[in-house]
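> Following the hints, put chain B in place on chain A, whose structure we already have.
Number of protein chains: 2
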Amino acid sequence: MKNAILFISAVLLLFSCEKKIKSIYVKDLEELELAIEQVAPGDDIVLKNGVWQDAKINFYGIGTKDRPITLRAETPGKVFIEGASFLHLGGEYLNVKGLYFRNGYSPKNAIIRYMIGEDSTANHCRVTSTVIDGFTKPNRLINDRWIVFYGKHNKLDHCYITGKSNDGETLRVFFTGNEHINTYHQIVDNYFGPRPRKGGPRAETIRVGDSKTRVSPGFVNVSNNYFEACNGEVEIISDKTNFNSFKNNIFYKCEGSLVLRHGSYSSVDGNIFIGGDESDFYGGIRVVNTGHWITNNYFYKINGSNFRAPLAIMNGIPMTPLNRYLQVSDVVVTYNTWVDCKSPWQIGVGQNIKSADVLPISEIRSAPPIRSIVANNIIYNTKKDESPVINHSKIDGIRFKNNLIDNNNIKYTTYDVFQNGTLKMKKINDWLYAPEDAKNPILNEVYEGYDFNKIQNDIFGSSRTDKNTIGAINNLFLAEKFKIDKKKYGPDWFSPKETANNQKVFLASSAENELADKILQAADGDIIELTDSLYTIGESLKIDKKIVIRAKDTKNKVKLVFTGTDDSSAFEMNPRGNIKLENLILISSKNKFTFAPLKEKMFSNYSLFMEGCTINGFDYVLKATKGSFADSIHIKNTIIKNCKNGIELAADLKGDYNAEMVTFDHCEFENVKGNVINFFRDGYDESTIGGCLNVYNSTFTRCGNADSNGILIQTRGIVNVTLNNNTFKNNPIKLVALLWGEKNNHQMNNTIINSGIIKIEDQQKLNILY
Amino acid sequence: MKNAILFISAVLLLFSCEKKIKSIYVKDLEELELAIEQVAPGDDIVLKNGVWQDAKINFYGIGTKDRPITLRAETPGKVFIEGASFLHLGGEYLNVKGLYFRNGYSPKNAIIRYMIGEDSTANHCRVTSTVIDGFTKPNRLINDRWIVFYGKHNKLDHCYITGKSNDGETLRVFFTGNEHINTYHQIVDNYFGPRPRKGGPRAETIRVGDSKTRVSPGFVNVSNNYFEACNGEVEIISDKTNFNSFKNNIFYKCEGSLVLRHGSYSSVDGNIFIGGDESDFYGGIRVVNTGHWITNNYFYKINGSNFRAPLAIMNGIPMTPLNRYLQVSDVVVTYNTWVDCKSPWQIGVGQNIKSADVLPISEIRSAPPIRSIVANNIIYNTKKDESPVINHSKIDGIRFKNNLIDNNNIKYTTYDVFQNGTLKMKKINDWLYAPEDAKNPILNEVYEGYDFNKIQNDIFGSSRTDKNTIGAINNLFLAEKFKIDKKKYGPDWFSPKETANNQKVFLASSAENELADKILQAADGDIIELTDSLYTIGESLKIDKKIVIRAKDTKNKVKLVFTGTDDSSAFEMNPRGNIKLENLILISSKNKFTFAPLKEKMFSNYSLFMEGCTINGFDYVLKATKGSFADSIHIKNTIIKNCKNGIELAADLKGDYNAEMVTFDHCEFENVKGNVINFFRDGYDESTIGGCLNVYNSTFTRCGNADSNGILIQTRGIVNVTLNNNTFKNNPIKLVALLWGEKNNHQMNNTIINSGIIKIEDQQKLNILY
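For the protein sequence lines, the chains are A and B, in the order given.
Quick note on numbering: the first sequence equals residues 1 to 770 in this note's numbering.
Quick note on numbering: the second sequence equals residues 1001 to 1770 in this note's numbering.
Okay, chain A solo, but in the shape it has when bound (with noise of 0.2 Å):
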């Protein structure tokens, strides 16, 4: 008996020997394609290290299970593929390890897709240990996704993605038919880093579906992700098939929310939601539709309101069109816990009954929570929150159950879902409290809904069955271990770069040309301090990275006078510029520009910056341009003067619009004749931050005399403006602002001297844009 087995044994070793893999080393594209051509199950297809450019790689293969093609980087991120690139994939069983893409965009698409063409769909296939880094189209507007899953059981694991700035989700699953549904995608272990806010829709990274979608099975798992400053918009990941799992995530100051938009039985475990106090936009969980669980999820200093709240549970519209607001029912939201959150819970979302007017009916959100379930949650607060719940439109359509607010200790009855309690709350580090006494009785009230008892462990992996406590933390020993470990996310051979601390400085006299050569030479974040008083700038100088530049004596401001051509402007914005000015008096003739984005090419957005400086004689301070898009405009203590123009960020259309965050504060303007702010956007939908502009302590004097529509800051269709404690006088104008009621539209302490009122309007009519 014993001899047999040996024999089997032997004749297995043999059989499996005979199999091995097969290893193709290919240097060029050349050869890549022929080895592709070429491949049989259990190759092994090893690219030589070094820039690949222009690589438009098909890799298409029929692997087996046991025996996968492989298609790798010879060293894990030592091949570079760059240029006008791509890859996609066809067949079964194929894996893709340790490729860099950067310095390039893909000419197609996706960068990343799992499908050739329509016969080649993959499935079973995996791409693993990969970063895309700012691998982003040159013009912003054109679309496309860069990881485009089609096919069923495909995997995207320990990636690194970052750095998209054009339209079109980072990752985008498709359920194109009966070849795609029932996927049990994988999107696991990866390291979505950094990108920025776009304006308006279409910039999720994750988008998982679409609203034709929502009847259909995605079983798609996005899980154990890490989500940093993932900016695009005001949905992370938008949720659009059924029963899909997103578990055991880090969002990180992210702008925006998981939102579950047109699936529904999702399941939404153990995230970690970190915010902070510097943004009023990270958000939490938005829920819409049906059959949602929520549970095991931990929030902290989440402060996004509304859309974007901690806690957002929508209103439907009846009878929904298909793109819209299904009502939400049957939604379980147990054993959650929200510390130091704004409002964590809102409860009828999107409620806007009061725009029936300038709406269709099928607009209108009336339709509030149904049959759903609010149970074993904790909110804790070490300071009081005044409106812990908003109800924005009925709240009886959900239980609540053994839910505990401890708020600072100070009793809560607004609404009457929760029990008041005083928790001992440990600090385990900078954003995780947990339970400390697991005997207090309140955390021990634990409410048994229908199912309950299949949520079987907490946040950190710990048993619920045999001690069960409300909250997200069952455990505090487990807590005490848990730490973000970002090593666990993406490639293990690449650690995204940290902000350089070693910030140097530049003198820069007035001599022909140094100040263009200082910033030439400066590294990014560098400052740059001018040491003559006055300068003459003969061409336009070119902003592409961070930089300060600022009067070396901080108590006399250097002036600097801008003579290039007609039309061109003193400060070229490119993508990723960012400049700061400190005490600078900038003067011009006529027909030139302050600062001004580049016409074609601004894949990223730009930035500015200003303190204490003067602007005068100007044709435009800001001239946005059709697809650029301005992350912030920070202007303080400024006089902007004797300019035919202000800022005109009026560009673009249906949707778009030029820049996200624009703030002036105790500014003067005096004698602008035009456009004295003009922040424009056409259209309107819901998947955007703002724009956002705040005009604080600030003085406008003897502008907008040229304003043809009459109206001295202009803000049709931005969603979120502030207009408190400014002077407005002698403006010869009729309309000083024509604010939007409906939306975050306000003004406070004005000061309006013969310069016409400001209207606000409830509702506007705008054109709805899907």
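No wet-lab data here; the hints were simulated from the structure.
Keep in mind it's a predicted model, so treat the numbers as computed, not measured.
Be a bit skeptical, because a hint or two may be false.
Derived lysine to any residue pairs resembling SDA-like cross-links, with alpha carbons at most 20 Å apart [claimed, not checked]:
#1 Lys212(A) <-> Gly1397(B)
#2 Lys1401(B) <-> Gly177(A)
#3 Lys1394(B) <-> Gly177(A)
#4 Lys454(A) <-> Lys1152(B)
#5 Lys1212(B) <-> Arg371(A)
#6 Lys1454(B) <-> Gly177(A)
#7 Lys1212(B) <-> Ile364(A)
#8 Lys152(A) <-> Arg1371(B)
#9 Lys212(A) <-> Ser1362(B)
#10 Lys1212(B) <-> Ser362(A)
#11 Lys504(A) <-> Lys518(A)
#12 Lys542(A) <-> Lys599(A)
One-sided and incomplete, this derived list gives chain B residues near chain A with beta-carbon spacing under 7 Å [claimed, not checked]:
#13 Gly1177
#14 Asn1178
#15 Ser1264
#16 Leu1322
With beta-carbon atoms standing in for the labels, derived distance ranges [unchecked claim]:
#17 Ala356(A) <-> Asn1182(B): 34 to 40 Å
#18 Ala84(A) <-> Glu1386(B): 53 to 59 Å
#19 Tyr1450(B) <-> Asp54(A): 33 to 39 Å
Beta carbons: idealized from backbone N, C-alpha and C, even for Gly.
Just chain B, lined up with the frame of chain A:
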């Protein structure tokens, strides 16, 4: 060792003996209630044989899988539940067996309901071997459902259900929350007997969900059932959740379809649809939504068109509202056979772009089917079909592969969707044809679509693995063995009564009350012959069964003079009343009606036939009452004259209407002052046959002079109208008729002299009812 096993066995035996079934014999409702209160797992409650009057049974108990709790008839079929009765179940593992519901109705909204109250849903409960016969509400307009499913894993099997004539589906499955989805309900081996035409919606035999559950997983199994003359409305089965199965059912002469209305991903396999020449309303499968697999189905003489086509693949509405039509996509139709059906494939059904002026955009079905495949099907016609395929919209979103047509051996070329071929078919029985020559190469050209290999068997269970042919039948031998065995469906103790053939003839003289007495004595289907020449009817004759009243001497008409009180009718039509008058002359003075249904409790249909009669001097020939419904009104060779009104079928509102099939053939209308024919439906939906008005070969003279609206034949809202070969002469009226061009309204060969015109209005604007 052996001893130990013996010992353990003995202990187990002892243990199981101890747990033996406890039978609780109950004689009345009080005892039953007590028994239910005290019941334990494994108990068997036995209902004493006999009539149980007003039995309001809430059967609550917690059985176990191994030890269910049973409630059963002492002798199956000998326990009659009558009066105001119902049986609602709550708890787990309950069985109900052998009951007979008759002579009554439920005072609640259900007879059998798998839920007592919100906190007592039934799970794992079964009702078997039970009959519900005519247990219908006294008022047709009051809604109930006879069998209502909630919970999960419930079963209805071997039941016989017939005769529901009031508003509401016969069987409904609800999905109102997480406790009621993923149900795995079993609706199997039942006999769904005749359900009469209801007129209008909410008369499905089975409805699984509603429009709001279109995203929900149902997993309901409706298999091996027999449906006979389920004519309630256009949908026999309405599928409105996902992942449901409809397998091996037989639809025998049902005037409706299996409609995949709001559900997706259903499996429709191995069903048999049998129609016939006698009706144009027998339907097949109607397809909406996504991901259905329609395989191995057999259709014989299904002549329905449009919504009722043998295969109706609908157009959808772009971004449809929740309750309207989702575009068809990803549907697979393969291995089906159509024999002698009329235009069996209708694609883009419901396309109504031309109605854009009268309907809101959210009603316009402009989106044709996409990404679908129709392959390996057979159409076989023993007479040539001019248009086996009707393209209502666009068919290029469907791939047609390896379909075969034998159009009585005449080549079909209109659309390139078939191979033409000649089949040798064996006629196995009245309705079943199977290919005789399995070696015919054209049968063996099978297209292998995506995932087709999951279709392992043909309609009769023959394996497709070894040998495979197109069409539903893969194996002649198994087809020849197939026979419909009605005994397999419904309870084994019950057989639906066959139509009696022992029709009796009664003779009635003109002696006082003799006619009325004979009507009383006659049984359903009998005939009364009038032997004298003149009868005076002093009181309304009550008609509550099927009866023929005719002159004994077919050559001499018999005169009946009605002298009843004002506003009474010569023939009072009661529920299920069905009268045929032959060779009679009916005479009255004013203020009397010839026919009228009851004003209340008109719980079932009536029908009215006349041949060779004359009606003279009545106020109304027929005046419908609110909620009354005539299945058929056929009047032939009959003179209607000197009446104030003719046939008025206009008593209802909101989509209800008063008759289904109304036909006049070779009739003469003379001096009928108003409402000559007034057939009215207010409001519009599509879940309806009609009504249907045919007027052939008739003359209208000097009629309509008192008609206020100026229309002689009023058909507002009626979907099917045909006016052929009639003569209209000297009618002082503006319009003979106002027809609805968009619907099935037609006129031909009419002669109009001095009588206005027939006007056709293509689009009519009606209130939509949903």
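> Hints first: check each against the structure and report whether it holds.
The hints, checked one at a time:
Between Lys212(A) and Gly1397(B) the CA atoms are separated by roughly 16 Å; this keeps the pair inside 20 Å, and the hint holds. This hinted pair checks out: Lys1401(B) and Gly177(A) have alpha carbons roughly 18 Å apart, not beyond 20 Å. Between Lys1394(B) and Gly177(A), the direct Cα distance comes to roughly 19 Å. Compliance with the 20 Å bound is thereby established for this hinted pair. The straight-line distance between the Cα atoms of Lys454(A) and Lys1152(B) is roughly 17 Å, inside the 20 Å bound, and the hint therefore holds.
Restraint check: the Cα-Cα separation between Lys1212(B) and Arg371(A) comes to about 13 Å, which is no more than 20 Å; the hinted pair holds. For the proposed pair Lys1454(B) and Gly177(A), the alpha carbon gap of about 17 Å is at most 20 Å, so the pair holds. The hinted pair formed by Lys1212(B) and Ile364(A) meets the criterion: a straight-line CA distance of about 17 Å does not exceed 20 Å. Taken as a hint, the Lys152(A) and Arg1371(B) pair is honoured in the structure, with Cα atoms around 18 Å apart against an allowance of 20 Å.
Distance check on the hinted pair: Lys212(A) and Ser1362(B) sit about 16 Å apart at the alpha-carbon level, within 20 Å; holds. Of the pairs offered as hints, the one joining Lys1212(B) and Ser362(A) holds, with about 16 Å between alpha carbons and a cut-off of 20 Å not exceeded. Between Lys504(A) and Lys518(A), the direct Cα distance comes to roughly 11 Å. Compliance with the 20 Å bound is thereby established for this hinted pair. Note on Lys542(A) and Lys599(A): the hinted pairing holds, with a Cα-Cα distance of about 13 Å set against a maximum of 20 Å.
The restraint placing Gly1177(B) at the interface with chain A holds, with a minimum CB-CB distance near 5 Å, inside the 7 Å limit. Checking Asn1178(B) against chain A by beta carbon gives a least distance of about 5 Å; that is within 7 Å, so the hint holds. Evaluation of the Ser1264(B) hint against chain A yields a held restraint, the C-beta minimum of about 5 Å falling below 7 Å. Satisfaction of the interface hint for Leu1322(B) is found here, the shortest Cβ-Cβ separation to chain A being roughly 5 Å, below the 7 Å cut-off.
Hint check: Ala356(A) to Asn1182(B), Cβ distance near 37 Å, so the stated range 34 to 40 Å holds. At roughly 56 Å, the beta-carbon separation of Ala84(A) and Glu1386(B) lies within the given 53 to 59 Å, and the hint holds. For the hinted restraint 33 to 39 Å between Tyr1450(B) and Asp54(A), the CB-CB distance of approximately 34 Å keeps it satisfied.
In this structure, none of the earlier numbered hints is contradicted; all agree with it.
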